[in-house]
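Using the hints, put the two chains back together into the complex; each one sits in its own frame.
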Amino acid sequence: MTENVAVSITSTRHVDVAGIALHADLSGALFWEEQRLLVVSDLHLEKGSSFATRGVLLPPYDTLATLSRLAAVIARHDPRMVIALGDSFHDRTAHERLSPDDREAVGALQSGRDWIWISGNHDPMLPPDLGGTVAEQVAIGPITFRHEPTGAPGEIAGHLHPKARVSARGRSMERRCFASDGMRAVMPAFGAYAGGLSIRDAAFAKIFPADGFVAHLLGDRRVHAIAASRCS
Amino acid sequence: MPPRILQTSAEPAALLPSRFQQWFASRGWSPRAHQLALLEKAREDRSALLIAPTGAGKTLAGFLPTLVELSTEAAKRTAGAKQSLVSTGRGVQRTGGLHTLYISPLKALAVDIARNLERPIAEMALPIKVETRTGDTPVSRRQRQRRYPPDVLLTTPEQLALLLSSDDAPFLFSSLKRIVLDELHALVTSKRGDLLSLGLARLWRLAPQLRAIGLSATVAEPEQLARFLVPQPDGKERAADIVVAGGAAPPVVEMLDTRERLPWAGHSARHALPEIYELIKANKTTLVFVNTRSQAEMLFQNLWSMNDDGLAIALHHGSLDVAQRRKVEDAMSAGRLRGVVCTSSLDLGVDWGDVDLVVNIGAPKGSSRLMQRIGRANHRLDEASRAVLVPANRFEVLECRVAIDAIAENAQDTPPLRTGALDVLAQHVLGCACGEPFLSDELYAEVRTAAPYAELSRQDFDDVVDFVASGGYALKTYERFARIKQDKEGRWRVANPKVRQSYRMNVGTIVEDDMLKVRLVRSRGGGSGSTGVIARGGRLLGEIEEAFIEGLSPGDTFVFSGEVVRYETLVEDQVYVSRAHDKDPKVPSYMGGKFPLSTYLAERVRRLLDDGRAWAGLPEQVRDWLSQQKDVSKVPAVRELLVESFPRANKHYLVCYPFEGRLAHQTLGMLLTRRLERARARPLGFVANEYAIAVWALGDMSFMIRDGRIDLDALFDPDMLGDDLEAWLAESALMKRTFRNCAIISGLIARRHTGEEKSRRQVLFSTDLVYDVLRKHQADHVLLRAARADAATGLLDLRRLSDMLMRIQGRITLRELDHVSPLAVPVMLEIGRESVYGEAADELLAEAADELVKEAIS
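Protein chains in written order, with full-length UniProt numbering: chain A, 1 to 232; chain B, 1 to 858.
Hints are not guaranteed to be accurate.
[Stated by the list, open to error] Selected chain A positions facing chain B (in silico; Cβ < 7 Å):
1) 57
2) 58
3) 59
4) 60
5) 61
6) 62
7) 71
8) 131
9) 153
10) 193
11) 212
Keep in mind the hints are simulated off the structure, nothing from the lab. Don't be surprised by glycine CBs; every beta carbon is placed ideally from N, CA and C.
Extracted from the complex, chain B is given alone in its bound form (with noise of 0.2 Å):
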């Protein structure tokens, strides 16, 4: 393990030029002890992981080494000499030059640190020169920059792959000395992690004397974190040093005692809105932070029902419009609100000095996550950070509590780094292409420096070089039609200039959900639903996911920007919506929201349910719920699955409680009633939530089970993730979108053609249709490959449901009961809110075509 640096060793006088002294001395402040320890790795030439809370200095601290190092060069220079070209043999480089890239994972980000890096820069009268260059960045100036670049530049894991896949990129970059990664912990999760580590393994080569600075909120595995920011070694493992920032405050965390019932399920924490409201009002700014779009809108709503006080409370979303978002935030900045609710889309993002409240509704999913959300409060490191967390249901609760104790522990939970996808590595291949030609095993090699490509096999490279080339299909009749072909020494170069145009245009690895815009329009009353009826126009409100409106049919109301409103038409991709004057609406959309309760909180709230003494520390009515749950039928040990079976209204329930997560939980109640529907137990749906999954059916289930016609070790085994699961993917819906997105990051697909996005509904064929023809003919075929490492993790969370599988093994416990438990009520009740799931296409057509006939008779 590398060195952890908590004091350094040096005084600060022999790293801190008497400029910088100075001015940290007029603005009173001292260096702090990992802004000088970033210094004196600069000093040793090492690239360095700061781990630090929000608040701690970071930024500065990542720049000071580059404004240290361009002070002492510029007084290097002798005033007024120009910047002088050199030859270098391969060509020219210039004296100066780009020193420093920032990169951060948005671009108002980007936007927010150029200006604050201003300031330092202006008052100590540096020669520095600090550009930004996100996708808003005029041509103009884009070419300039790479004419004549700055000496930072910042900006975002995309723009630095366009800049790679430049001729110039070697004149550009062979002068650059760091590179800072902002909220590194944020980038590695995603795809653009992998894209970025593939930019980064290509400037080590074309400036080896780069040394980088990451910034991170802390995580669980700090090495592994730091193995990114320095090449990897072929076979072994390198780590950057890491530094620690100390001496933050321990956040004050309390779980909202409330005075109301506790609801048994659902989302809303409608129960406690008089006490949010009351939060909000007793302090100078709250940030109440929502899992879910729609949870946002309604609890928005919501509050300003009751604002009797005309608190200014804003509202903030990723799928509200960019120019509504940039004013709350301004709004924000300069104190003029009360409360904000909002999703993730406040997680990361420039520090707000004023906020004194984070409010957290709902389950708050993971340690990590939560930590960083509460660090949103109080950005001064002395000052406790405080924060309330809202249960919207019991088993939040225990999801609150063990979250708590773990924060006390400061527990991390952040997912482990990842191994780099096949897709990203794709588009990766055809940039590189783009720039200078280049020679497979070279390519090969540098890519592997990479810390999630580290361990990629020549197999998976050469296929994916073969995939850019001609599509990678073993019937080779692509050759002709190639779009990277070899020269005769070997060398990879594009084979025309389109194909460098597509590349440019699609460049990126965030493919968003398919988004239609929502217009407010006056209704023509019927809401007959066919198109061309409403006049074009209206109010655009945001953006809403195509998947949502597809289960709407015209006249349903639904909560959007903060109103209930009624859903008139869909044409092409405007979504038409007229105010609707209901109270509430009609389709609720209480969707889960995007990320699963974490496996480590998982474990503790386990943990906690085996623990009788625990329940101490919850409140009575939960403890009464757990009791009564002991009473009538078992409250599960840590280890072991606990499966319920019961009769109710003519139909039959099996309950089982894995607490893996909403995803997880999905891709087991599907293989489940596979595995129902061929033991003739007749399934007939099944709904998941975070904690459990109710299935129902026909057949008496309890019977068959007594009767061994079904097998609980059997039902559960983990070979349920070969045969059946295969069988399964071939029609799923997850895995079909899954695919989409490797087939658009792959560059298989284009997702813009002269500069204009297409939406699905333009695209000239189906990727289902794809997806389904490459299967069945070449089912080993390397995007479909890219699609089941996703599925691993991903939307399907496969990796998760078989380490389950394998854990319960041997302890599964039935209970048969008469009638529904006390733990089973939360899940049961989310049958008809939640959508049933199912792949059962005949079934659902079926009751279509019998409501029909119902119509027909009646």
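Bound-form chain A, shown alone (with noise of 0.2 Å):
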């Protein structure tokens, strides 16, 4: 690891970084212990039900699955702040499709701690009956939290939903992933009915402009970095 280092994720717990040290959480939440700040990107609320607006009757529970995972690693860590990095909503009016029992699940979720709904692409206007504060985006230290990356240094975005594909042994199985340079980070997303794009995808290209960044995958009980270049 160089001196240099903005953003390190590290996929153990007590990993010490030159830079700054966040912790790769198997949930898909990245935590920084100094700051004891949890963020999590893309939660795509209400998405069963915006699809069901539409006639396609996906099963309407993926708000209820999204909260309780967002209230486990929550429970786990403890955060003195959440930062959700954009999307949380699936679309404009997602938010008052909310069931009663998932907005007051919201509500306790932000009790105790400082909340920010940074805006995305598909939720750029937050009412303010949301609780916690809205944001266009947050710089902490060196390090810039917005929703759709640029590739500056310093930043940790979401947007992209980054995968991985991984193939040995004639299998290949793909799952979620944090992308990384050590200089930059796209987080995966966290909902449940969120897809993925490959990271052998252009949109990465253009934003880890060297040659190679590693892609940090969500196993069944740890995470693995594994070069993007191995990955497809």
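Structure representation (structure tokens):
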């Protein structure tokens, strides 16, 4: 590892690296221990009901599923602050379709900590009655949190839903992943119905200019760091 | 049991009008007994199932009643009188109108049959109009067909469903007298058969006078198949009459007596290539059947490499471009080919009179399937079909031996009639709502007249209707988005025209594997694998399974469309390959084929093994192999499960021989490794073939069995189909694929929007994610029930696994060995060749990560 690492993602809890050490949680969340900051991206709440309005009656349990996983990771890390990194809601009116129970669950997660909704392309206008603060982007120390990646150093973004496929011994498997080159990172989507975009897509080449970045794949029990060039 | 008619009592003269008798005479034919029998059934107003081998004049038999009826009806119609409309109270009905529907599993077959019918109609100058309707029929012609239907319409199950979902279905079908179902034995084994049965049920209501004729190859349970053709009365069984065509000469089948050494494993039959080539050379036209596309590719390539005589040998399989396939078929009918290497893509279809030999490479899988293939040779009844079986390895010798015995006994092993699938029912319910609005009570009664749905419970039916309406979720949040709605009288109708449009675009039950187009480009070298570096375009070679490509890395070589190609890159749904100059492909892809060894042949193989005297009928090499097994370990008895344990290269192996087919073995292998992991045997992987499973582990399993830490009876206890199965299903890729098919067929997810088919890459959400969420939050949802029912007989073959576990209870024999046994060699050789199964994601990922470390260090 070089000296000028601005963002370093570790998949084990207690690794300290020059620059800033962030813990890639198996759930797809990112935890900044020093700051007690938890980041989740692309929750896409109410994606199921969004499709239902167009006649595709997906099971209406995705919001519940996503919030339950979020509650579990929050309980595990007890963060002081949570950043939802944009596209928290699948469409502009999705928050209106939240069931009373789910709305209450969001409130419970927010209590006792700061909560920042970064706006995304799916949810550019969030109402104030959701609790928390709405922002375009947030800078903490050398790091900027925003929804759409620009490739700037020190940036942590979402939006692209990175996933990677690994093949070995005639089998292959595809998982969500973090993508990072030590200078910037793109987070996996956290939402239960959020699909993925292969890290071999040209969109990633624009963000990680130099040759090579690492995919941190979410396994069943561990996060695995694999060179992007080895993935398909 | 309904009476079987072999000979009709009536005189031909009484059944055949003179015009027909003259026509038969003019062609030098006399009507066959089964053709007259079907005429007699028609006169008695009975539905009938005709069981006949290929070449028996089956199609003409099926249409004779229609032709005779229409010719006499036309005589009654006064000359010059146009069709007229009469009021029926509900609408208008025309005199005349559609008389006969013909349903074929292949649209190409419908087109060919139409052509074949033209001849007798023209030669007898019958005033009968015959038309086809398939996906290729232009819209204008389809509209005309609905307004001015022909006398005879030839079509497919999907087109029938579409016609039934239109408003004017009652108008169109009320005059229908007959329906002819061709290749019924093939149709009823899939969800297409379910869809067809529901369409039939609807037709019986619209046209109570309708009588059916089923045309089928020989099946194991004709009485069950005959139920398909008549409405099932509530709580009872009813079957159509059965007519069996006799007189076919029994086929002459032999096993290739190879001069070469028989391979232990593999499916390529490479050892027998010169002998296969000699067979092609010695005959006029030979069909060479193999079980998979990749085998076909490989064999075709190898035959050409030795084709010094320049014999016209062609390739035919389902993944080749349609135009290319059609070209091969035309060359074949024109008699220009000496040999065709083909897959099940040629199992059905029109008769080619000139095939004089069928060669079947590899495992026959089932006796009925093999008999149908052999029937492709020599479609003249009085001559025996000739076939040569070429086993590709030693186990396949056993399978070929028992298949030949089964054919000699005419023993059939077609699967039993299906229980109708709930996802297909969902599609049908939506289709019904697109036509005339329906009442639940009435539709439930109607659906149960279809044989596959005769046992359908009211609860399942209501759940399906609820699913179609608003998704069927316990959390009732989608009422306002409902696709079908009830009016005040309780009639269900579609909520808006968009729903109808979506139904029409997505009708059908064939969910293809995700296929990618393969294009040949010039190599750019390096094979970086990143997207967008290769110029678009390139010649289209055909299509390939996405799953196969996913297992490749750029630079890997494989055989496709008859040549060795190098995988370059994948862009959207296009695979770019370049010509490789390697002689041998790096990725062999010997996939075992779609169909597992039939239960019936498996039982016969076990009996053959158990009966030392019967070994006399086996080649010497195979006899020696079995004798060695007997000396070193044991040859398993019929009902016994032999388990062998032995060490090899620092690992410990457990091999067992259930003989239940690859699909059931894969499932068993997954469940065994889970259990061995719990027993701390540290299993690393397993491999399964049609006959055996080998599991390997770090733990010394022989020792663990001895000291009781592994109890074999408990290891193979049927209770593994409980919690272990549930836990595995949560992760299983096969189960997710099964669920995806159900989601598509049931209409939860549209395959096509505005006429364009979506590839999985463009679908906006993943059905795997939907599966995970639904499983956790509503495990008894109707779609999950449908997927489980599929898993019982489909990719996971659970029913067969469960039967096997019951059979072997208390009959497990262990042989602790120092090294691998002769019987274990074939499955051990598959390791590294077949893909290794297991769902241990972390191990695979860790392995990839470790390689990275190695790369970094070096």
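Each hint tested on the structure:
The interface hint given for residue 57 of chain A is met, as the beta carbon of that residue sits about 3 Å from the closest beta carbon of chain B, less than 7 Å. Evaluation of the residue 58 of chain A hint against chain B yields a held restraint, the C-beta minimum of about 6 Å falling below 7 Å. This hint holds: residue 59 of chain A has a C-beta 4 Å from the nearest C-beta of chain B, less than the 7 Å allowed. Evaluation of the residue 60 of chain A hint against chain B yields a held restraint, the C-beta minimum of about 5 Å falling below 7 Å.
A cut of 7 Å between beta carbons decides the hint on residue 61 of chain A: the least distance to chain B is about 4 Å, and the hint holds. The interface hint given for residue 62 of chain A is met, as the beta carbon of that residue sits about 6 Å from the closest beta carbon of chain B, less than 7 Å. This hint is violated: residue 71 of chain A has a C-beta 15 Å from the nearest C-beta of chain B, more than the 7 Å allowed. This hint is violated: residue 131 of chain A has a C-beta 23 Å from the nearest C-beta of chain B, more than the 7 Å allowed.
Here the hint on residue 153 of chain A is broken, as its CB sits about 23 Å from the closest CB of chain B, past 7 Å. The restraint placing residue 193 of chain A at the interface with chain B holds, with a minimum CB-CB distance near 5 Å, inside the 7 Å limit. Residue-level restraint check for residue 212 of chain A is violated (minimum Cβ-Cβ distance to chain B is 11 Å; threshold 7 Å).
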